[in-house]
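> Make the full structure from the sequences, and use the hints.
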Amino acid sequence: MRSVAAAALGGAVVAELGWVIFKALITKVEWPSAKLRIPFPQIDVVTGKALQVGGVTIQRSAIFTVAALAVCAVLLWFFINRTRIGRGMQAVSQDPDTARLMGINVDRIIVVAFALGAVLAAIAGVSQGLQNTNIEFRMGFLAGLKAFTAAVLGGIGNIYGAVVGGLVLGVVEAMATQYIPGQFGGSTWKDVWAFVILILVLVFRPQGLLGARVVDRA
Amino acid sequence: MSDVKTAETAAEAPVTKPAKPIAWPLGLAGVALVIAGSFLSWSYNGQILNDLSINFYPGGLQILAIIIALLSLVLLLAEKGPLTKLGSWLDATLGLRALGTGLALYMALVLVAITVQAHGLINVNPGGYVTTVGAVLLAVSGWMSPLRQLRDMSQARLPAWMEILTIGVLMAALLFMAAYALGLSDAWSFVLCLLFIATAATALFRSGAMTFVGHVGQRHRKVLTLGAFVAAFLFPFTQNGSDANMSIAGSVLVFSATAIGLNIVVGLAGLLDLGYIAFLGSGAYVAATLSTSAFATIGWKPPFLLVVLLGACVAAVLGLIIGSPTLRVSGDYLAIVTLGFGEIFRFSMFNLDGNNGPNLTNGPNGIPGIPDLELFGFNFGSGHTIAGIELGRFSNYYFLLLILVGGVVLAFSRLNDSRIGRGWVAIREDEKAAEAMGVNVFGLKLLAFAIGAFLAGLAGTIKAHQDGAVSPDQYIFLESAFLLAAIVLGGMGTIAGVLLGATILKLLPEKLRFFSEYRLLLFGLLLVLMMRFRPEGLVASKRRQLEFHEEDEALAVEIEEERLAVGEAK
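If you're matching them up, the sequences are chains A and B in order.
Residue numbering for the first sequence follows the working numbering, starting at 1 and increasing by one per position.
Residue numbering for the second sequence follows the working numbering, starting at 219 and increasing by one per position.
Any given hint could turn out to be false.
[Stated by the list, open to error] Interface residues of chain A toward chain B, partial, derived using beta-carbon atoms under 8 angstroms:
(1) ALA12
(2) ALA15
(3) GLU16
(4) TRP19
(5) LYS23
(6) PHE148
(7) THR188
(8) ASP191
(9) VAL192
(10) PHE195
(11) VAL196
(12) LEU198
(13) LEU202
(14) VAL203
[Said to hold, decoys possible] To give a feel for the contact side, a few chain B residues facing chain A, derived at Cβ under 7 angstroms:
(15) LEU339
(16) ARG546
(17) VAL547
(18) TYR551
(19) ILE554
(20) GLY558
(21) GLU561
(22) ILE562
(23) PHE565
(24) ASN569
(25) ASN574
Please keep in mind that the hints were generated in silico from the structure rather than gathered at the bench.
Predicted, not measured: the structure shown is a model, and the values here were computed from it.
Note that the Cβ used here is the ideal one computed from N, Cα and C, for glycine as well.
Here it is, written out as structure tokens:
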């Protein structure tokens, strides 16, 4: 009983000391504000001086973005079609129950799919940061929505579709800014047009531009 | 059939696990210690938690501890002692466990609060420790007591006047607790008070007292509804008409009305809508542009009753428009369509400022200076005195919004019980089967969107006048997400659940300033935990609960019996 009391007392003293030290430390730290825009690190190879190719100015970050897109698309295609996990992913997307019966670890596949998606999104985030030079914690929301629009536009479950959808969406946004007459064509309306396209595509061609496979829309 | 039989034999056999003889006296000792400790001083510093530093004069939080101790005493005496007659009805052990655990948590938080605010455990006075020990003893005694077989609560009957009295007492207790909690300005006290309410509520539910109240409520449905409304109407009088609290209450009511509208779409028809705040926004913008504000962009100034109708109808038309794609898309895709619609609304309101489009909304500046409502010669901006209590501007809007919420609840419950409501539920459960049974799926889906949007538009027109300004950044996606979270948290398809969820989600950030910085983090955590441990929501409709607990045979039997009983009653 005495040892218990001694332990309790010791614990209280240690907790007290810990608290005091914690307070002392925590007040010393200067916390950055999360709401500020943070400059993105500039790397000379990818953000240096713009290139001049036959009278056309090309930003190096744009080259990085396109190259990243190409590399990611090829790798992803390879991963999905040529590796065991990728083929498992296809099986799970078609019929999880049967896939499980065939000995595929469905939970693991799903985890891998989420991780893979996050990796690709992170790469996109890096190219976004290189282009904008400033980053902000809220910038992902609209980008994520646009990403979904692009995926739906191209056809869900189709890698080429996602690429094509993204390109079409970007071009349409730019064209809307340029060519829609009157006051509704300004750059502030381009996001509206993106969502209008999303809704129109979902209503009139739910399988997307390239979607041959009929997706069972939950 | 076999399952039912085993259930019956289980009911006949007494529970075998015997009580530890020490449990009951231990509980009594715990109660005594808690009460004794609560009369002593808890903290050395009088500035903390509304002063708990005086001996023999319990402060607010100490009184709450005493209330829990007294409740535990009742349960203990019901187990063994003069109240044994109650014991066969009340599940004393489960209630005691909830009370003991809750009180131990409560005391632990009190100690943490004192430690954090006064920089050290040294500032806790002996009373705090005595009460903590008592709370732990209570919890231990609860967990040592045996579980028992109970009688069916639906057979518990009291004289009618006593049952009505029970409802009255419950409503009064609710009113008192709400007023007390809102009156606390200190964040720690507020959190502790919430913990007390949660503990008491859990104990009431666990011990079966709430089941009794539920049966009483079914027998006296009108009294219950009336009681709830009377309590809500009396609420401003408990605050001395405090404008700060009444403005919070008003925004909670707007949020609730909108959430109930969304509940029609999500909870009944099962259509996920992530852009719902746009309907509230369209109602508000209609009211603002047609108001007599100097910044209103339309010259026409109709009377408010017409504006209400117009705003609601505009919202309903928008609902029809956004509902029309539901013929082709559903599930996640519908969620994205509605999300896109919400964003389109926000961007449009942002851009219709005269530079990027026709000047309708003044763009990001919004429309400020919306004057107070004036209905039938009654100006909502002016305060007045009733029974010696000064009721301000926000109390007036509170009463108006209360009537609105009453109407919305009425509309929801009537629809829910009607042919239309059953059609919605059929669509929610299995769209293809419903269609095969001759349910007009597309029409009903459109109707759900239109009615939900109509209700939200109604709330929006009042909200515009209550806030006095509209601006696009009030109607962002996050608000839609919060509406949805309120429904999921409270329980889909129920009224009480949605009201509770809306209150929780709107009240907490308003009341806890330190909390508002972390509210997204904490709400996210809360929702994840809810989905893991109680996916059916706080107040679950029984049928929906069964969807998440398919293997729960007892629950299925209970629901079936309830259905039969309702059928017989009809």
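> Do the numbers back the hint for PHE565 (chain B), that is, is its least Cβ distance to chain A under 7 angstroms?
Since the shortest Cβ distance to chain A is 5 angstroms, the answer is holds.
> Does the closest beta carbon of chain B sit nearer than 8 angstroms to the beta carbon of ALA15 (chain A)?
Since chain B brings a Cβ to about 7 angstroms from ALA15 (chain A), closer than 8 angstroms, the hint holds.
> Does the nearest C-beta of chain B fall within a distance shorter than 8 angstroms of the C-beta of LEU202 (chain A)?
holds (5 angstroms)
> Tell me if ILE554 (chain B) is really an interface residue toward chain A, meaning its C-beta lies closer than 7 angstroms to one of theirs.
holds (6 angstroms)
> Does the closest beta carbon of chain A sit nearer than 7 angstroms to the beta carbon of GLY558 (chain B)?
For GLY558 (chain B), the interface hint holds, since the closest Cβ of chain A sits about 4 angstroms away, which is under 7 angstroms.
> Checking hints one by one. Is VAL203 (chain A) an interface residue toward chain B, by the C-beta closer than 8 angstroms rule?
Where the cut-off is 8 angstroms and the nearest Cβ of chain B is about 5 angstroms from VAL203 (chain A), the hint holds.
> Identify whether the interface hint at ASP191 (chain A) stands, where standing means a beta carbon of chain B within less than 8 angstroms of its own.
With a closest approach of 5 angstroms, the ASP191 (chain A) hint holds.
> Tell me if the interface restraint on GLU561 (chain B) is satisfied: Cβ within less than 7 angstroms of some Cβ in chain A.
holds (6 angstroms)
> With chain A as the partner, please determine if ARG546 (chain B) meets the hint condition of a C-beta pair closer than 7 angstroms.
holds (5 angstroms)
> So, ILE562 (chain B) near chain A? Judge it on the closest CB pair being under 7 angstroms.
Where the cut-off is 7 angstroms and the nearest Cβ of chain A is about 5 angstroms from ILE562 (chain B), the hint holds.
> Hey, does the GLU16 (chain A) contact hint survive, CB to chain B under 8 angstroms?
Constraint on GLU16 (chain A) satisfied, holds at 6 angstroms.
> Report holds or violated for the interface hint on PHE195 (chain A), using the least CB-CB distance to chain B and a cut-off of 8 angstroms.
holds (4 angstroms)
When held up to the earlier numbered hints, the structure conflicts with none and fits them all.
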